[in-house]
Each structure stands twice: as structure tokens, then as C-alpha cells.
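Line order of the protein sequences matches chains L and G. Each residue of the first sequence is one higher than the one before, counting from 675 in our numbering. Each residue of the second sequence is one higher than the one before, counting from 675 in our numbering.
Hints listed in this document are in silico derivations from the structure and should not be mistaken for laboratory results. Errors might be hidden in some of the hints.
Just so you know, same-sequence chains aren't split out, so a pair can sit in one copy or run between any two.
Below, simulated DMTMM-like cross-link-like pairs (lysine to aspartate or glutamate); rule was C-alpha separation at most 20 Å, straight line [as the list claims (entries may be wrong)]: (1) 1121 - 1170; (2) 991 - 750; (3) 753 - 774; (4) 753 - 743; (5) 1121 - 802; (6) 1121 - 707; (7) 1121 - 1074.
Protein chains: 2
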Amino acid sequence: MESVLINGEWRAAAAIGRFRAIDPASGEEIGAEFPRSGAEDIEQAVVAATQAVDALMATPPERIAAFLDAYADGIEAAKDALVAVAHAETGLPASPRLADVELPRTSGQLRQAAQAVRSHAWTHPVIDTRARLRAHFAPLGKPVLVFGPNNFPFAFNAVAGSDFASAIAARNPVIAKAHPSHPGTSRLLAAIALDAIVQAGLPRAALQLLYEIDPMQGLTLAGDARIGAIGFTGSRAAGMALKASADAAGIPMYAEMSSVNPVFLLPGALRERGSEIADGFFQSCTMGGGQFCTNPGMVLVPAGAHGDAFVAQVAEKFAAAAPAVLLSAGVQRHLVASAQSLVDAGASVLAGTIGAAGVGARHVPVLLSVDARTFFAHAAALQREAFGPVSLLVRYDNIEDAVAIARTLEGNLTGSLWSAGDGGDDAAYARVAHALRPRVGRLIDDKWPTGVAVSPAMQHGGPYPSTSHPGFTSVGMPGAILRFAQLQSYDGVRDDRLPHALRNANPDRIQRCVDGRWTDASIDA
Amino acid sequence: MESVLINGEWRAAAAIGRFRAIDPASGEEIGAEFPRSGAEDIEQAVVAATQAVDALMATPPERIAAFLDAYADGIEAAKDALVAVAHAETGLPASPRLADVELPRTSGQLRQAAQAVRSHAWTHPVIDTRARLRAHFAPLGKPVLVFGPNNFPFAFNAVAGSDFASAIAARNPVIAKAHPSHPGTSRLLAAIALDAIVQAGLPRAALQLLYEIDPMQGLTLAGDARIGAIGFTGSRAAGMALKASADAAGIPMYAEMSSVNPVFLLPGALRERGSEIADGFFQSCTMGGGQFCTNPGMVLVPAGAHGDAFVAQVAEKFAAAAPAVLLSAGVQRHLVASAQSLVDAGASVLAGTIGAAGVGARHVPVLLSVDARTFFAHAAALQREAFGPVSLLVRYDNIEDAVAIARTLEGNLTGSLWSAGDGGDDAAYARVAHALRPRVGRLIDDKWPTGVAVSPAMQHGGPYPSTSHPGFTSVGMPGAILRFAQLQSYDGVRDDRLPHALRNANPDRIQRCVDGRWTDASIDA
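In isolation and in its complexed conformation, chain L is listed as follows:
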């Protein structure tokens, strides 16, 4: 059986069970046996991470950045092996998805975190010389607990993704609860991470890895006062259960939970380029089995000939599509249940069939449709996320309806609008965008939402229930790092006792907000 990583050592787990990954294409078990950890492993992981807090907090930023860069290099050097195991465990296409998109995104994200560490951008230094106050963001002083999701075995992996990179960038040790659907991928990534930890001279216990734990013990861990903060990406039910535990202990938990990512097609856009938009929609909805947080799960289509043509073209594509291999039998089961619940709430099936399709965890793309009246009558039920290659078209008669639909929406990660290039949709755009804006984290023009750039100006987050806090992003440096930081001020503290980045002298030309102006200059003492 594989070992868990605790305190910088690969240890035999005090396993309370064992499991193997399942190839979702065949439904067969593959690879080595992995332990399911119990209270003993969890306790050791918490103790080891806690003991590493002081040393990691005291580690110079340059060394943290060197680790992040070395880890990125290591991931790229191990690309073939990583892609092979991730493909086998998740069924996601090796290329372009895993090899050419997700892996470079993951290493690039680690390097952006390194850059944010070197520039101190995430610490947001603010200096008030008259009041003798200086403030910045700093490590939590406690470990960060990360729950990884099933759908991004690299870019959101609990030992390599944005939560991991963010927590380490802020100099907090990590306790990673990887997703049990890709344990071999997590094991390989953690081994590369440990090499980089040793190479960069970080405390060995900067990272602990558990592959699977009992859900009840997960709840206990999420409420353990020794934990500083939690990053979570997964289902709403699991997220809210863990969050309740964390909340009761005063532990901030950043949960990304669900989103239908409404897309408003305005009439002029369909008139101008409906066929192109239809092609893009099909691609976006079915790519990677549709298993993206930002999958376009709800598309608002205007009444009329252009809307009808769009629907017909899309339905044809969906009907002709081969079954997608989903991440797991569990994903397949949830997809069937949620798609069926949309039908129960009044949607009709335009293309595809709800239900298992062949061996393994397969499901065909399914296109659903509902009219605006039915949507208004069952707005909550019809906003249920169907995680996979399923989308619900909502036909609207006029802009008043489109605006009213926008106003019924729950919080989402994204909201998109397609509008005419000739200005013909501008009035409609203004009205719909105004209603949509406070309900989504990222507002998108003329593009499908599935591409998530790792950028300082990204908001991969949004109002509840898409996430648990509308003020934070889980993607994009330095913003994502702030989730795992605390605001600390220094009041009248002597210059030589301040953290280097807050002193008068600023030899590294860090950008700081001094008396209301951003500058990289030193302060005259």
C-alpha cells in the first residue's frame, strides 16, 4: 500500500481502509492500493504541520519563491508520467487537455505565485508615516487545510494547485486532502513537491498528503482550532457541511461550490453570427466532459427565427455527440440525478438521453430547454447545477424577460453576454448586464466562460452559493494568496524591528502605499 506524506516522510498510514483508483473509461480498478486515513494519521498531519509553522513563517521570501519555481520545473520535467497517470485516473484527454492546457497552467500558476512572493505584491504594504502605523498581510500562523476537487487533477490538486500555491506563498504549511479519484496523480505530484521542498530548504513538513479520510473525521478536522484556514473546491453539500464545522470554530473557509454560469445570447449577436456561437457553445459545454466549474450550464436564447436556428444547430450537434467519459461513477450518478431534476422541474430534452451510456462512467451530452414562464415558476429548481456535459436553454421572449431572469439568478462564478458588433444590442446589453453584474464574479463579453486565465485581474469566485465569500478569488496571483493571510499592523514599532518590507529603506523597490500614494521609493527617516 502507498504511504502518506507526513512531516516530510513517506510513512505507512494507520489506515482505516484501502482503495484503488478506478479508470472511468473501463470502470476497472487500476494502480496501487492507497490508504484511507483515520484519526491517527490526521492527528499526526496536524501536529507536523503545526510544528512547521514557525520555521516556514521565518523562511525568507526568496526561498519560498525558489521552491515554487523548482516545483514548477519538476512538474514540467515529469510531464509524461503525470499526464499518463492523470489520464488513466480521470479519463480526461491526455492531449490537449492535460498535457497542453492543464499542466502548463499548473506550473505557470506556481511561477506566478513565486513572482507574487518576490514582489511582495500579496502583502499589500500600507504605511501611514504621520500616525506611525504600518500594515501588511502576513502568514496565518497556522496550517492551511486544502480539499482538492475531482475535475482538475493538476491545476486544483490539493498538493499542486492554486490553493496549495497560495497557502505556501503566504508561508503557511499545508495539510492536503487530495481527491480520492486520482490518488496516483496526487502521490506523484507530492513526491515532486517534496524534492523541491528539500532543494529549496523549506521545512520538510511544509506539506502533508492524505489521500482519503472518513467524512465525519473530515468534519472534525475542518473544525480543529489548530487550522488557520481552509480551501475547498467541490460540491455544495460537502462544502456547506465542512463550512458549518469550520464556522463554529471561527476558521475562514473558502469554498467554491457550484455555478451554472448563465450565458445571455442577445438577438443581434445571433443574427450576426449565430452559427459560430452555436459551434462555440457546443465546444465549451462538452469539452473535458463538461466538467468545469465554469461550464455554461444555462443559456438564454431569444425567441424568433435566429434563436430557433441556433437551437436547431446546437441540438443537432448534441444529438450526434459521442458519450463523454466522466471523472467517476459518482459524477455520472450525480449528473443523471441533477439532469433528471431539471426535467422534473419542467425542462424538456432536446437532444441526448439522461442515463448511463456504455461501460465505465460515460454519459452523452444532453441539451435541455425550458420556456421563460416555466423558468419563473421553478426558478430555484431550474438553477441546479448538472455537473457534466449538460446545458439548459431558457427561451425568452423579450428583453424584459431576460432582465427578469437575470434578477432571479443565484450567485454564480461567471455571467456572459453575446451581443452584436454593430451596436444593435447595446441597449439590451446595458439592461441585462446591470441586473447580472452583482450576481456573478466575472462578467464576460462575447466569449464562453470555460477559459479561466491565471491573472491578477481574474475573479474566479462569486456571490453565494457559487462560493462562500464574494470578496476573494481562488485563481490569480496575488489575489488568491490573500485568502490565507492575516492583516497585521505595527503601531509605533521601531524601524529595525519591522519586517524588512515595511521599513523606511526599500532597497528591493517593493510597491507600497505610503501616505495614500503607491510608490517603490524609500521613506526619508
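Following the hints, complete the assembly by docking chain G onto the known chain L.
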């Protein structure tokens, strides 16, 4: 009976009860009758605030700033009346406390919020030209609920304090649940606010005021999905109960709950200037009846002659002190209970007597002491906040003990160190400060914690349980405003559709982070 403020009108409440303020100096009821509001008033307040969301969100920043400035002017113009009613309702000294410290702080805070609105500093604009992504902080799109505390009738009043100013600065309507111990003050402030709202042309329903509600209905309100965020300052019990309700509905709640504000006196400081420090401590602990969030409730005193002399001098001052008028009989009752619990946990009384002292809500300053061994044995119980003029001295034998005590501390708003000017304490300072730093929001050198400057570099916040989130401050602009904002990004959105502050042209010279550099320049299209 006085009216409640809902939808910009002073309305007769659908009262479920009535109450009057109590002069804590006499214990007598004073002033007009005020309504206790029930579900009907609460619903009307939520509906009115929700209906004002769109109009307030669309209000130009200049008008928001004009309101904040006009409100500040109005408060200053009504200074005499405000001080008189606040003094009568709270027992806080009219001068210097209310007239010369808290009122100017309150108007100054509103003006700093206005300045943050004009400069757009709180929106933190970030632009990535290559990725075509632009992000900033924006209104929540829902009302903010504010629960005001008893101890700052102006500066933290739910209709005038930092939470109010922050919520309005971010263009969110406010539902204020004022503190029932000073309803007349809140009524007068809200009238001034409404004048300023009308004068500046804000939606009249930008502010609703309820004086008192049933606690169970408060819990229901805190979990109402129409609420965007909550600001709370008060007790840990009330804060955690409200937070549980808010958490279950995914509503961010910023609660400031309790803090003992540890102060470490290092040996050299006492040797150099022990008598001066003793005087300052007595002032800080007893000023305003000791009813500050940042009251020095725990002071670490070294063993030896200088420590003994400090204790003797302080004990003499405490023993000679007159009873303080506390804010209310409830505060007095809690103070007696919490001081007694410290004695039960092993503290001894060095000066003063625990218990009511004369007519009204009076209590003498009380000095408690405990040795380090007893502290370690009952560290949790001995960190209970005694809100009022009570402080616990912890005698420590050596720096190892001081460091160990720092490591047992719960999260606090502040942590202070007094050290020698001659460098003699520098080694001890480094060790204690290192242990203390992650446990406090504001680290203070050679000063008592009770002064809280309204500064961009302030952190009036700290790790749990002092507050519910270590990344936010409730005092200081623009930081405090971020609690009531959401992060919004724009992806590929055409320039003329962007908010003005995110467009290429930057005629107002807003400071923006463009491609990693802060600048007030425009962007070449």
C-alpha cells in the same frame, strides 16, 4: 413613542414592546419611549433597503462622498445636543471623551470614507491588458446589516460609525440595529443622516433604523438571504449566535467580539521608566470606565524589584480610584461575573472590590494578579474578557515564561510590548514579539492600546475569537470598506461598457495596478 426610520420616513413602529433609555449614573429611566420592533418592522426595513440597492449602486461616487461629508458637517453642527444625549444615556464623560475625542473621530471617519470614495482607493482596480481582464471591488448588490455596540455611541453607532460609513461608501443600503442603551443618540444621528441623504440626493432608503428587536428575530434577520453582509460589534456570545445564522445562509459576517489585549512589560522598560508606565496603565485601564475593545485587560509583569514596584504603584492607584459609571446595569452584571470567574480560576484581588458600587451602574477599578504557574494551569479561563475597569497582572519569572504565555494566547485585537530605550530588552523583545505577532492584529511598541487611530494602516481586527476574520479591519479607510464589497472582474468587456474607473482613459488619475505596476496614468488603447 418615537418612530423608526424605514424607507426614508419616520414611521410609527409596529412595536412589540417599548423601552426607555436608562441613565447609568442614576439607574433612572430618561427620555422618550422607543419601540421594540417585531417581524413587521424588520420585514419593511429589509424590503425598503433592498429596493434601494439599485439606485444606490448607480449613484455617482461624488454624490456618495458629498453625503458622507455633509453628514460629518451635520454631526459637528449638532455637537452639543449629541454630546448631551449620549452622555445622559451612556454615562461616558461629556468632555474630553464624547465632545473632544469620539465625536471628532466620528466625523473625521466619515470624511476619510468620503476621501476613499473620491479616490476609488477602496475599489483596488487591477488591470491585465494582455489577458483583457480588469477587476475591482464593487457594491454587494444587497443591503448591509449593522449591529452597533454599547460602548461607542458615535464612532461605532450603527447609523454613524465605521460599519455604517464603510457600507455606504461601498454603495450598499444599511439596516441599522442600534444599541438599545442609547436610542436617543441613535435617533438624533439618524435624523442628521437623513438630512444629509436628502441634501446629497441619495436614495432616501439608504438607511433604516430600528432601536431594538427580539433576539430570536435578530437571528432570523442575520440569516435572511436578502442581506449581503453583516457588521457586528459586541459580546462573543451574541456574535457567535448571529454568525451561526449568517454562516448557514452564506452571509459574510464581520464580528468584533472580545479581546484582552495583552501587554508585555519587559524588565528594562520598568527599570528605565516604571513609574511613568504605571501611570499610563492606570489611565488606559480606567479611562471611559475601561469600556474599550482595546482595554489592557492582561499585563505581563516581570518578577523582581522593578516589577514589584510597578505592581505596588498601580495597586495604590486602583485602590484610590473612585467608582466608574458603567454603560448599563448589564455591563455591570457581566463585569462582576467575569471578574469573579478570573478569581475562581486562581487570580487574587490586589485592589478594588468586585461588586456593585453605589447607585446606578457603578463599579470600582479592580486589579487582579496571578502567577505564571497558575496562568499556565488555567490559561483559557484566565483569558476571559472582563469588560470594564479591570485588569489581570500575570507575573512571569523569565523570558521563557513570557514567550510561553504569549504562545498560549487566543487571538486578540492588540498586543503591546514595553521595552528599554537602551537596547537592553532587544533580545527579549524579539522572542516575545515573534510569539505574539501571529496572535494579534496590531502590535504596539511602548504605548497603551486604547488609542485607535483611523488610518489606512490600522488593523482594528485580529485572529479569532477577537474577530470572525483575521483579514479585515473595522477601522481605517479604505480597508474597512472592503468588508462590504465584492470582487468583480470584467473579461473582454468593451471599453465603453466598463465602469469609468476601469476604462483605458483615466482622467481622474485614479491609482490602478496596471500589468503589475501601480500608476495613475491612462492606458494607450
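Okay, the hints, checked on the actual structure:
Proximity of residue 1121 to residue 1170 under the C-alpha cut-off of 20 Å is restricted to the inter-copy arrangement: shortest distance 17 Å between copies versus 51 Å within a copy. Proximity of residue 991 and residue 750 under a CA criterion of 20 Å is satisfied in neither setting, with 36 Å inside one chain copy and 68 Å between copies. Within a single copy, residue 753 and residue 774 get their C-alpha atoms as close as 10 Å, which meets the 20 Å cut-off; across copies the closest is 67 Å, which misses it. For the homomeric pair residue 753 and residue 743, the shortest alpha-carbon distance inside one copy (15 Å) is at most 20 Å, but the shortest distance between copies (59 Å) is not.
Taking the shortest Cα distances, residue 1121 and residue 802 sit within 20 Å of each other only across copies (17 Å), while inside one copy they are farther apart (43 Å). In the homo-oligomer, the alpha carbons of residue 1121 and residue 707 never lie at most 20 Å apart, since the shortest distance is 43 Å inside one protomer and 59 Å across protomers. Proximity of residue 1121 to residue 1074 under the C-alpha cut-off of 20 Å is found in neither arrangement, the shortest distances being 23 Å within a copy and 60 Å between copies.
Hints 2, 6, 7, counting from the list given before, are not met by this structure.
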